[in-house]
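Colleague: Spelled out, the chains give:
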Amino acid sequence: MPLWLELVIRIGGVLAAFLVLPLLVGQAEHKVMAHMQGRLGPMYAGGFHGWAQLIADGVKFVQKEDVTPRAADRPVFRLAPAVALVPYLLALLVIPLGPNDLVGQPLDIGLFFVLAVVGVGVLAVLMSAWASANKYSLLGGLRGAAQLLGYELPLVLAAASVAMAAGTLSLSGIVEAWQPWWLLWQAPAMVIFFVAGLAEIRRPPFDMPVADSELVFGYLTEYTGLRFAFLLLAEYVGIVVIAALTTVLFLGGWQGPFADAQLGWLWTLLKVAAVSFVIIWLRVSYPRLRADQLQRLCWLVLVPAALAQLVLTAAVRLAM
Amino acid sequence: MTGVDVLLLALGAVAVGSAVLVVSTRHLVRAGLYLVVCLGAVAGMYLVLAAELVAWVQVLIYVGAVVVLLLFAVMLTRAPIGASDDLDRPGWPAALIGGGVGLGLAALLVDAYRWTTVSLPEAGNAERIGEQVFSSWVLPFEVLSVLLLSALVGAVVLSRPDIGATADRGRSR
Numbered sequence: 001m002p003l004w005l006e007l008v009i010r011i012g013g014v015l016a017a018f019l020v021l022p023l024l025v026g027q028a029e030h031k032v033m034a035h036m037q038g039r040l041g042p043m044y045a046g047g048f049h050g051w052a053q054l055i056a057d058g059v060k061f062v063q064k065e066d067v068t069p070r071a072a073d074r075p076v077f078r079l080a081p082a083v084a085l086v087p088y089l090l091a092l093l094v095i096p097l098g099p100n101d102l103v104g105q106p107l108d109i110g111l112f113f114v115l116a117v118v119g120v121g122v123l124a125v126l127m128s129a130w131a132s133a134n135k136y137s138l139l140g141g142l143r144g145a146a147q148l149l150g151y152e153l154p155l156v157l158a159a160a161s162v163a164m165a166a167g168t169l170s171l172s173g174i175v176e177a178w179q180p181w182w183l184l185w186q187a188p189a190m191v192i193f194f195v196a197g198l199a200e201i202r203r204p205p206f207d208m209p210v211a212d213s214e215l216v217f218g219y220l221t222e223y224t225g226l227r228f229a230f231l232l233l234a235e236y237v238g239i240v241v242i243a244a245l246t247t248v249l250f251l252g253g254w255q256g257p258f259a260d261a262q263l264g265w266l267w268t269l270l271k272v273a274a275v276s277f278v279i280i281w282l283r284v285s286y287p288r289l290r291a292d293q294l295q296r297l298c299w300l301v302l303v304p305a306a307l308a309q310l311v312l313t314a315a316v317r318l319a320m
Numbered sequence: 001m002t003g004v005d006v007l008l009l010a011l012g013a014v015a016v017g018s019a020v021l022v023v024s025t026r027h028l029v030r031a032g033l034y035l036v037v038c039l040g041a042v043a044g045m046y047l048v049l050a051a052e053l054v055a056w057v058q059v060l061i062y063v064g065a066v067v068v069l070l071l072f073a074v075m076l077t078r079a080p081i082g083a084s085d086d087l088d089r090p091g092w093p094a095a096l097i098g099g100g101v102g103l104g105l106a107a108l109l110v111d112a113y114r115w116t117t118v119s120l121p122e123a124g125n126a127e128r129i130g131e132q133v134f135s136s137w138v139l140p141f142e143v144l145s146v147l148l149l150s151a152l153v154g155a156v157v158l159s160r161p162d163i164g165a166t167a168d169r170g171r172s173r
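Residue numbers (the working numbering), protein chains in the order written: chain A, 1 to 320; chain B, 1 to 173.
Simulated from the structure, these hints should not be mistaken for laboratory data. Hints are not guaranteed to be accurate.
[As the list claims (entries may be wrong)] Ranges between beta-carbon positions, derived for each pair:
no., chain 1, residue 1, chain 2, residue 2, range
1, A, Ala261, B, Arg78, 58 to 66 angstroms
2, A, Met43, B, Val16, 39 to 47 angstroms
3, A, Gln105, B, Val20, 31 to 39 angstroms
4, B, Ser84, A, Glu65, 28 to 36 angstroms
5, A, Trp4, B, Ser135, 53 to 61 angstroms
6, B, Ala106, A, Gly12, 42 to 50 angstroms
7, B, Val118, A, Arg78, 50 to 58 angstroms
Backbone N, C-alpha and C define an ideal beta-carbon position, used for all residues, glycine too.
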C-alpha cells in the first residue's frame, strides 16, 4: 500500500470515529436517561424510537442565526469552539483501536501527547467565557478554569501510575503490557482517572461551570447555532476520549476473552461503549457538586490517593 | 536550505512576532492568548528538532497550566474587553533592553559558532531523557524540586493567617 493511501485511510478512519462516535453517545444518552428516569424522551423524529433526533437537532443548529454579541471580543469569541474541538480530534489520533498499529498515528509518547492536548481544552473554556462579555459566562469560565486546573493533577498522576506499571508511555505498549490482575492493582488509579476525567470534560456531577440553574449555561450562554453545536460536540467527543483512555489505560484495550488479533477493535469499542454508559449513568444519578465540595474532593481525596497509588505501583514494580 | 530549516525559521518568526504582540497589545487578555501562540511555536521548534518529549512537556506545562493560571488570575481581577488605554508603560526602555539583549545574544552565538556544524544527537525520546535526568543530572533535578517545594510551602504559609501571616498584615492594603 502506498504511503499516501495509508495516510488517507488512517486520517479518514479517525475523522469517521470523530464524527460518528459522539453522535452514538448522544443518542445513547437520550435513551438511557429517558429509561432511567421513567420517561419517554425524544420518540418521534425518524419513526423508530426517535433515532433521527440528533440529525434533526443538527439541522436545527445549522439553520439558526450565528449571533456574536456586540460587546464581545469577536475574533476570540469565534475562535473558541475550534479551540475546544481540535484537541479532542488530535487525542483521538493516537488512541489505539486494536493490535498491529490499528491506530491513527502510532506515537512513542502517546500518553503524554494525549494529556498535553486535552489540557489545552481549558483555554477554550476561558476564551469563550471571557470573550462573551457576559457575567454569567465569566463566572462559569472562572469556575471551569479552577476546576480543570485542579483536576488535571490527579488525572496526570493516575496516568503516570499506569505508565510506570507498564514501563512505557506508548498507548499501544501499555495495552500490550496489561494483564487482568492490573484491574486490582491499578483499581484506585482507574477510579481516580475516571473521576478526574469526568471533571475534565465537565460532565455532571462536575458540571458546575455550566450549572444551568445558576448561570444560565455558563460559558456557553452567548453561543448560538453552529458554534454552540460545536461546543456541544466537543463535550461528547470528550466523553469518547475519556472513555477510550480509561479503556486503553486501565481496562486492557483490545484484550478480550478470545481472538484478540482479529476482534481487538470490537473489544475496544465495547469497552468504550460500556464506560460511556457509566458516564451517562452518573449524570442521571448524582446531584451537582458545590464549588467547595469539588475542590475538597480533588485536593483532599483524589490527589493523596493518586500519590499513594504511585507509591504502591512503584513498590510492586520493584518487588516483581 | 532544507525544509527543516525553513520550518524552524518560520516557527521562530511566529514565536518572536507573537512575543512582540504580547508586550505591545493593549488588550490584556489577548496578550495572554498571544503568549499561548508564542509558547506553542516554541514547542513546534522542539518538535522540529526531534525533541518530542520536551515539546509535549512544553504544551502540557506552559500552555495547559501556566498560561491558563495567568489568564485565570487576569480574569479574576480585571479583564476589560477591548483596549485598556490606562496601561502605564513607556515602551522605549523595554524595546531598548529587549532588542539589545536579543541582538547581543545573537551576535555572541554567531561569533562563537560561525560555520561550525553540530551533528544532532539521536532523537530526545522519553527513555534517554529519563536516563540522563536520573543519572548525570540528578543533583540539579533534586535541588530544583526542593526549590519548588519551598515555594509551595511558602505560598501556603503566606495565604493562611492562622498559621503564618499575621492577621493585620493579611488585611493591609
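Colleague: State for each hint whether it applies.
Modeller: Structure-based check of each hint:
no.: 1; hint: A/Ala261 / B/Arg78: 58 to 66 angstroms; verdict: 59 angstroms, holds
no.: 2; hint: A/Met43 / B/Val16: 39 to 47 angstroms; verdict: 58 angstroms, violated
no.: 3; hint: A/Gln105 / B/Val20: 31 to 39 angstroms; verdict: 34 angstroms, holds
no.: 4; hint: B/Ser84 / A/Glu65: 28 to 36 angstroms; verdict: 31 angstroms, holds
no.: 5; hint: A/Trp4 / B/Ser135: 53 to 61 angstroms; verdict: 42 angstroms, violated
no.: 6; hint: B/Ala106 / A/Gly12: 42 to 50 angstroms; verdict: 45 angstroms, holds
no.: 7; hint: B/Val118 / A/Arg78: 50 to 58 angstroms; verdict: 44 angstroms, violated
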